[in-house]
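Using the sequences provided together with the hints, build the complete structure.
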Amino acid sequence: MLRHALEIVSAWAVPLLLAGIPLYALARKVRVYPVFLDGARQGFETAVRIIPPLVAIVVALGMLRASGAMEAAAGGLASVTATLGIPAPVLPMILVRPLSGGAALGVVGEVLRSEGPDSYAGRLVSVMAGSTETTFYVLAVYMGAIGVTRYRQALPAALLADLVGFTASVLVVRAFFG
Amino acid sequence: MSFIWVLLIAASVVTAAVNGRMGELTAAMSASAQTAVTLSLGLVGIMTLWLGLTKVAEEAGLVALLARAARPVLRRLFPDVPPEHPAMGAMVMNVAANLLGLGNAATPFGIEAMRRLDELNPHRGTATDAQALFCALNTASLQLVPATVIALRAAAGAKSPADVIGPTLLATACAATAAVVAAKLLARAFPRPAPPA
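As you go down the protein sequences, you meet chains Y and A in turn. Numbering (the numbering used here) for the first sequence: 54 to 231. Numbering (the numbering used here) for the second sequence: 43 to 239.
The set of hints was computed from the structure by calculation and includes no laboratory data. As the structure is a computational prediction, the values presented were derived from the model and not from experiment. Take the hints with a grain of salt, since some may be wrong.
When the alpha-carbon atoms are kept at most 16 Å apart in a straight line, the in silico EDC-like pairs for lysine to aspartate or glutamate are as follows [said to hold, decoys possible]:
#1 Lys201(A) - Glu168(Y)
#2 Lys226(A) - Glu66(A)
#3 Lys201(A) - Asp171(Y)
Below is the structure:
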């Protein structure tokens, strides 16, 4: 029910905004078209400005994955995380989620296929994927767009939030699906 | 960031050497660079469209209206940002788009918010407390319905693919709260440079 309502909102939101905002602006005597082009030019320039920081971050993370560091970390951590309620197939999720959205979805698909979507592991991996973001990508885009190179507390705070999200996922999935 | 970046690359090269995966490493470097450019170029059209629309909404006074509605929350989260500042409106638009799962719209609004916040930044190149908090919040997937995950679950034959919505919302709330608290508490551990003379 809730999901259906939200799906309708999602489908209608963009067209309504695209039509509604210019209409309202026209009524308020805004010179809609030149103003739009002015903002659009900024958007274009920003999108191009993101490229160098994004290349820097994505290359470093791609190298880390290709080097086999993930498998090594997973091997070392498996026995620890199993006692914390994280089955071995789900472990790659925790390592990969902050680094690559595509790889994280790959892990979700793999666990859903091998363990089944209604298993504990399948539900856990779903909740983990839905409650966290591709931290490094978000930071590279937002900070890179305005040329910030010293992130200060943003990175530790974001990674801590990921960790809390993963921990909460384990607790919540246990409580909900026992 | 310089330190983390060099550390990531150096660690990768050492690990690849140990694992005998130098060939894969080299291939990953060029493939990743290409991926990054594809990702950025994928944003060009949507960024151009949405920031054009945002500018129209701003001139019409809509953004300020939104910001006023969300002011009680925003003032607590971002005490350094004047309540009337355009950054507030852009941040509200970003969070609203995120909640609805409109990732394509959320990113341009978020970048616009960062740009506006940077107008208040006396040290270009170093994040302000507000910028750090806003970014950390955005890494906590503020989505009401995790549509992609639900689609994957449906494809895998789940009995009720959407039964993870409730748990996901709870976990997201925990992550977002942690992002805010950590960004606030850690601000002191990362002092800003001395004001320019």
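To see whether the hints hold, each was checked on the structure:
1. Lys201(A) - Glu168(Y): holds, 14 Å
2. Lys226(A) - Glu66(A): violated, 41 Å
3. Lys201(A) - Asp171(Y): Distance of about 7 Å is within 16 Å: holds.
Going through the hint list in order, the structure does not satisfy hint 2, though it satisfies all others.
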